[in-house]
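Number of protein chains: 2
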Amino acid sequence: MEEVLKEVLKEIKPEEEEQKNLKKTSEKLVEKAKEVSSDFEISVEPKLVGSAARGTWLSGERDIDLFLMFPKDAPQEKLEKIGLEIGKKVSEGKAREQYAEHPYVNTNIDGFDVDIVPCYDIDDPTNLRSSVDRSPHHQEYIKGWLTPERAEQVLLLKKFLKGIGAYGAELKVHGFSGYLCELLITHFGPFQELIKSVSEWGPNKVINLESKRDQEELQDLFPNQPLIFVDPVDPGRNVAASVSKENYATFIRAAQDFMREPKKEFFFPNKPPTSSQELEDLIDSRGTEIFMISLDIPFDLVLDIVYPQLRKTKKTLIKRLEEADFRVLRSGIWAEENKALILLELKVPKLPTVKKHIGPPLGIDARPFIQKYINSEEALAGPFVNEDGRLVFELKRDRDEASQVLQKTLELRKGFGKHIEKSIDAEGYEIIEGKKVVAKAEEVNAEEFLGDYLSKCLPWYR
Amino acid sequence: MEEVLKEVLKEIKPEEEEQKNLKKTSEKLVEKAKEVSSDFEISVEPKLVGSAARGTWLSGERDIDLFLMFPKDAPQEKLEKIGLEIGKKVSEGKAREQYAEHPYVNTNIDGFDVDIVPCYDIDDPTNLRSSVDRSPHHQEYIKGWLTPERAEQVLLLKKFLKGIGAYGAELKVHGFSGYLCELLITHFGPFQELIKSVSEWGPNKVINLESKRDQEELQDLFPNQPLIFVDPVDPGRNVAASVSKENYATFIRAAQDFMREPKKEFFFPNKPPTSSQELEDLIDSRGTEIFMISLDIPFDLVLDIVYPQLRKTKKTLIKRLEEADFRVLRSGIWAEENKALILLELKVPKLPTVKKHIGPPLGIDARPFIQKYINSEEALAGPFVNEDGRLVFELKRDRDEASQVLQKTLELRKGFGKHIEKSIDAEGYEIIEGKKVVAKAEEVNAEEFLGDYLSKCLPWYR
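Keeping their order, the protein sequence lines are chains A and B.
Numbering of the first sequence is given in the UniProt record's numbering, commencing with residue 1 and proceeding in unit increments.
Numbering of the second sequence is given in the UniProt record's numbering, commencing with residue 1 and proceeding in unit increments.
No lab work stands behind these hints: they were computed from the structure.
Predicted model, so just to flag it, every value in this text is computed and none were measured.
Errors might be hidden in some of the hints.
[Claimed, not checked] Straight line, CA to CA, 20 Å or less: simulated DMTMM-like cross-link-like pairs of lysine to aspartate or glutamate: (1) A:Lys347 <-> B:Asp400; (2) B:Lys347 <-> A:Asp115; (3) A:Lys350 <-> B:Asp284; (4) A:Lys356 <-> B:Glu16; (5) A:Lys356 <-> B:Glu246; (6) B:Lys355 <-> A:Glu322; (7) A:Lys347 <-> B:Asp365; (8) A:Lys196 <-> B:Asp398; (9) B:Lys414 <-> A:Asp115; (10) A:Lys172 <-> A:Asp115; (11) A:Lys347 <-> B:Asp398; (12) A:Lys350 <-> B:Glu433.
[To be verified] Covered stretches of chain B, going by a simulated chain A footprint (3 or more residues, C-beta under 8 Å): (13) 379-391; (14) 446-460.
Just so it is clear, CB atoms sit at the ideal spot from N, CA and C, and this is done for glycine as well.
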């Protein structure tokens, strides 16, 4: 295991050159921000946070988080206005305005992807004005623990989680955040020790550094969360709130398998198949009916907004299909820039004309039920009494093809995400069926998504 | 209503000529039986029972039940042997030996279908040696109540129940016996009064003439029976034990509808469609996948034995289909002489190649599960973790066509009725699919069964 980890570390740890570049750009950014800030009447203190600031970034990652700390009594309005202004000035005309809890600026400096985020300088992190105000406190907390040795172990953990597909708190992944990785190493590290411990975790795990509250209390406080890691900076928060059951279980299974057979594939997994031929063969081999819904989404929408809405939309589509008696085997979503895809895999694409319509049991007047259907065009058989003594009509199915149900649902677009609904209004949608989904995936560069979906497999078994 | 009942009665009440013929033949039979019996050392008393004996038989019915009453201490062996001998002699060489609880003789005399059944002459009907010993007691009980006016009302009730398809305690029908009809008229009659009462019955009904036990006690004694009518001759028996929920509910719905609109169609319903064209059109309109399994059964098997075994066989077939993930919409069975049919109507005839195979949850060692499938030919995708944190493989389905499942199940013939199993051993089976079932139904004269199945409808709505 040592050997594997050493090799991996060599590949993932930023080299001196890379570290210098980051340092140079970071310092330049802080200088610039200080300079710009001095033009405003409110005192604003720029602060580097995140993995770049703590030396826990993986080689090749080029993200810098620069926070602009405002006095805690500054009006929200001023913070937003001045924050954006400073951000734009620091960006030298390349600013993209973005919006999470409040507006911030994203830009590109010296090839780094830089977020410039205004926040409040709060003494007590249990009493925040906005969730971003917590980041500087995390910064301080981790800084106090993180030796260079520990930082290396964090790198291993992050890369491991990336490799198994469970890294990232964003709503696309529902995985482990960088801060959570740092805390895990701090608490269970080094990497080997952590993995050993994780391999023994059960269906849920509670970690509380302060241990003032017991497990049960915490499970009540954070219900339905497989992993609870109480934030040492804010005991009212579960750092692992973003971790889905799926990613939690994946981490444990990966840890178990890694303990048995440590290999580089956990960190550097093989890619899924992506050639047209491979994808078409996979579709053939499954013998299912695949539908892909292709949507255009606004360019300025961040993926953390797109993904939950896509998920909601997918859920609604599945619900309508199942109400119409179709069975969905599996499904998936994908989004990038201004394109989004929803995949739905059905057992069968067409149902029989006839469907059962159960009427009242004994004790309830059957006249309205019988009169409604007895002479209707839809009635194929009935009324008759079934084995339970209930009246039944057999009626013609409204829509017997899944594509009709999908089209109708997309036309109505009720129960979709707000932005998805709007973008369908403006740009429409496309339903692609069967092997044609391969060409569509290639068109929007989603071959890896489709290949991953069709050959779905834990990455280290690929 | 009066008018309708009068008209119906005219058609169903045996005319004088018919009554004379029955009387003549009955008396002849009793005489003959007495004469033959005197040759044996045991004293045997012939007795007419059933509807023919009590004048509650419908015009056109030609059934006579002649019971041979043996002393209650006669050995079972003698009863069987002598009973058959007498029966055969009375039959004048046209006897068919049959078997229910014990052997009896069926024959045809003067165009009447005659059952000659040996039984014991028991004083106390709560202490029988065999269930047929009850019949003479029923005879006595009903005789005491039945005026000619009441007999007419019984005829109306029987014909009504025949018309709605709920008459007959035999295991083909699971309906109302003749004796139960007589008791219902005795207790609730005349017909009009009974129908009014029935139209108000709820999901279950308890009738106890003696009223020594309360409703709850009786429901515990006869669980899961929608209608409980305690036998006045044997309080440990529910006369309505044969009545299924379906027929119970059908009777009540018919009564409700008849109260609203009395018409002859309740007694003389229209026939279901039976022409090839109509049957084929019905199959088309349903858009389902129909399978018919055709079987040869031994000639000497009574339908009361065949039907439960067919039902069991059908149930097993449905179970196997559903285990293989096929959904059965509806099904039916039919038997006559030496032919039997099982109809199965499926939503779809073919499933996708891929099926989900869920593995262990967290906390259970996954190695055996993964090792079993990871390199197997059947694995199409996996292992992966699903939303519940469980491991999943997607495997190739063993049999993706319903016909394969049916064939395999019929070849194994496990969980079939004993005689069905034997007859398949000896005679084989045939699986007919789609519109070809029409030709098969015509071949065995089961068009009415098929038409009734395909256009299934309460008869008075036909």
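Comparing the hints with the structure gives:
no., hint, in the structure
1, A:Lys347 <-> B:Asp400, "11 Å, holds"
2, B:Lys347 <-> A:Asp115, "55 Å, violated"
3, A:Lys350 <-> B:Asp284, "15 Å, holds"
4, A:Lys356 <-> B:Glu16, "49 Å, violated"
5, A:Lys356 <-> B:Glu246, "17 Å, holds"
6, B:Lys355 <-> A:Glu322, "18 Å, holds"
7, A:Lys347 <-> B:Asp365, "30 Å, violated"
8, A:Lys196 <-> B:Asp398, "39 Å, violated"
9, B:Lys414 <-> A:Asp115, "69 Å, violated"
10, A:Lys172 <-> A:Asp115, "19 Å, holds"
11, A:Lys347 <-> B:Asp398, "15 Å, holds"
12, A:Lys350 <-> B:Glu433, "19 Å, holds"
13, 379-391, "holds (count 12)"
14, 446-460, "holds (count 5)"
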